[in-house]
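Participant: These are the residues of each chain, in order.
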Amino acid sequence: MSAAADTACPAIQAGLTAEAILALLAPLGGAKDPADRWGLTVIVPREQLRAAMQLLRDGETTRFDLCLDVAGIDYLGYPDWRGPRFAVSYPLKSTVFRHRVTIKVQVDEDDASVPSLHDVWSSCDWAERETWDQYGIVFAGHPNLKRLLNHHEFVGHPLRKDYPCQKRQKLSVNDPMVDQLQAKLRALGYEILEQPAVTPGMPLTQKEIAK
Amino acid sequence: MRVKTPQGEIVDLMTINLGPSHPATHGTLRLFAALDGETIAAAVGEMGYLHRGFEKMVEQGTYQQVLPFTDRLNYCSAMMNNIAFCKAVERMFGVELPERAVTLRVILLELSRMIDHLVCNGANLVDLGALTNFWYFFNPRERVYQIWERLCGARLTNTVTRIGGMYRDTYPGFEQDVLAVVKVIEDAVTEVLGLIERNRIFIDRTRDIGTVGAAEAISAGWTGPCLRAAGVDRDLRKDEPYYGYETYEFETVLGTTGDTFDRIMVRMYEIRESAKIVRQAVARLKPGPVNTADARLSLPSRNQVYHDMEALINSFKLIYEGVRPPAGECYDAIEAANGELGFLIVSDGGTNPYRIKVRAPCFTQWSHYPGMLTGSMVADVASSLGSINIIAGELDR
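In the order they appear, the protein sequences are chains A and B. Note that our numbering numbers the first sequence so that position 152 is 204, with each residue one more than the last. Note that our numbering numbers the second sequence so that position 63 is 218, with each residue one more than the last.
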């Protein structure tokens, strides 16, 4: 245990200004989002998302090495909204420089898909699963795009504005998670020789469903 | 499950469920692991057992009605969530709080941080079989709850702040109570450190167990004590100071390797640093208003309401309709006990939040937890889970 003074971790350095970050992202089609009047949000075209994120993470002057969150937004019914229905927001910060930026991608309802960033930041893995679960936005290239907060039998995406908040669903059988475990074992170099006998949980009876 | 290991051995792995209702998970979390003897070959985690739909619920009410919901996020330090949410909305309004409200919030933040660390470490030590420390920590924590009770009437779910200030001013004798409780907590920390810091059993059970190094922790999005335990000196109170934290004297506490031992010790020593801040803040506490005078946020006094038509309308609009932050999107965060607690608020200019996303520090920690267990022993599952302090209320929202 030691106090901050005598460790190897350097003090935080002054970061880039908003103008500098915007100038960096301009060649990739990045434009300032006027909705964020308090910090800096940059809207990046979906095709350039991965390039922009890798640039921000690895750039000598940016080093945005922390992806704090992946947040979906549904603009259905937003007053005077003319843009695409969905957006995905990624608040980023750096452990080297004192600067923050939020990267935003806009997604149409018909083609609600965003490239996955699970290999850029491992924190994106589950965060993208949550956004898929809540909004139905597909993260293309994600290895395990399963529901996270809601039950695996759940139908629909509850944070969409057209999902009624009073709607109830009956959900019964637990996810055995054997497939996820085996995928993980295979990734670690194991070879599955024999499938385990999985006893599924008892589904609800017709009587229980009618209740 | 018969498998061929990477070394070419053919073994039978046993699959086992830990949770969702297991006493050592301190909440409803599920871990599904494949065991090779007593070693965890691989594990996967599941969450959502405490999912209440926080983010859907808050869209149905006004901004003031969000506050009681925030209590239920990290219920071990409910006031921190209140303050984090209010700070984000106040940032959208661009209001400055009166000095007394800011100083009070600093005191409440640091006391909350202390009790959060007390619960985390106390419960973690129980998982390691060191039950005594639990009592040493829970008695001072109870004294803090008595202060909460006198301050706002509630123990666990406080709703102590309001957008634009505090619920109400403190009671007479608050400062003495706070200073007394800080002393009691410091004594408890000294006693517990005396029991564990050089304790062979404790060190053997925690040193080089559940190690998460700096690069791994950063990629996993870890913040707060778990990141500092890996030796990364990042603390929002120092790096992006708010509420005048830059004027308080305190140190950030760092670990070296990022193992369970470091995470426990970082929390222990952070309690002492928080105690320093509380003492300085109490010394600065001067009488004054605890709510901003901004009419967009604060209710007028009863006297004004009864004698002034404008004040009556203002009071009516604030209570029946609610506050209206300007339209736009704002992300704001504080250094909570567990790490960076952020709120992304999307406002359409109306009285109901259009979208609120909680950036819960637990989320990234739990998502990395199954990966961090690979190759460790079953006996270390509970101790490393306790050391990353997963609070299901905040995790599942």
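Worth flagging that the hints you see were computed from the coordinates, not collected in a lab. Because the structure is a prediction, the values reported are computed rather than measured. Check each hint, because a few of them may be wrong.
Stated by the list, open to error - In silico contact screen, one side only, chain A against chain B (beta carbon under 8 Å); selected entries:
(1) Cys119
(2) Leu211
(3) Gln232
Said to hold, decoys possible - Below, in silico cross-link-like pairs of lysine to aspartate or glutamate (EDC-like), each with a Cα-Cα straight-line distance of 16 Å or less:
(4) A/Lys213 - B/Glu214
(5) B/Lys211 - A/Glu243
(6) B/Lys159 - A/Glu246
(7) A/Lys213 - B/Glu395
(8) B/Lys431 - B/Asp342
(9) B/Lys159 - A/Asp214
Heads up, the beta-carbon is just placed ideally off N, CA and C, and yes, glycines get one too.
Participant: Take the hints in turn and mark each one as holding or not.
Facilitator: Do the hints match the structure? See the list:
1. Cys119: With a minimum Cβ separation of about 6 Å from chain B (threshold 8 Å), the hint on A/Cys119 holds.
2. Leu211: holds (6 Å)
3. Gln232: Given a least distance of 4 Å, the restraint on A/Gln232 holds.
4. A/Lys213 - B/Glu214: Given that 16 Å is the threshold and the Cα spacing comes to 10 Å, the pair holds.
5. B/Lys211 - A/Glu243: Status violated; Cα separation ~42 Å.
6. B/Lys159 - A/Glu246: Satisfied, since the Cα-Cα distance of roughly 10 Å is no more than 16 Å.
7. A/Lys213 - B/Glu395: violated (34 Å)
8. B/Lys431 - B/Asp342: With a Cα-Cα distance of about 14 Å, the restraint between B/Lys431 and B/Asp342 holds, given a limit of 16 Å.
9. B/Lys159 - A/Asp214: Violated, because 49 Å separates the two Cα atoms, which is more than 16 Å.
Hint compliance for this structure: hints 5, 7 and 9 are broken, all remaining hints hold.
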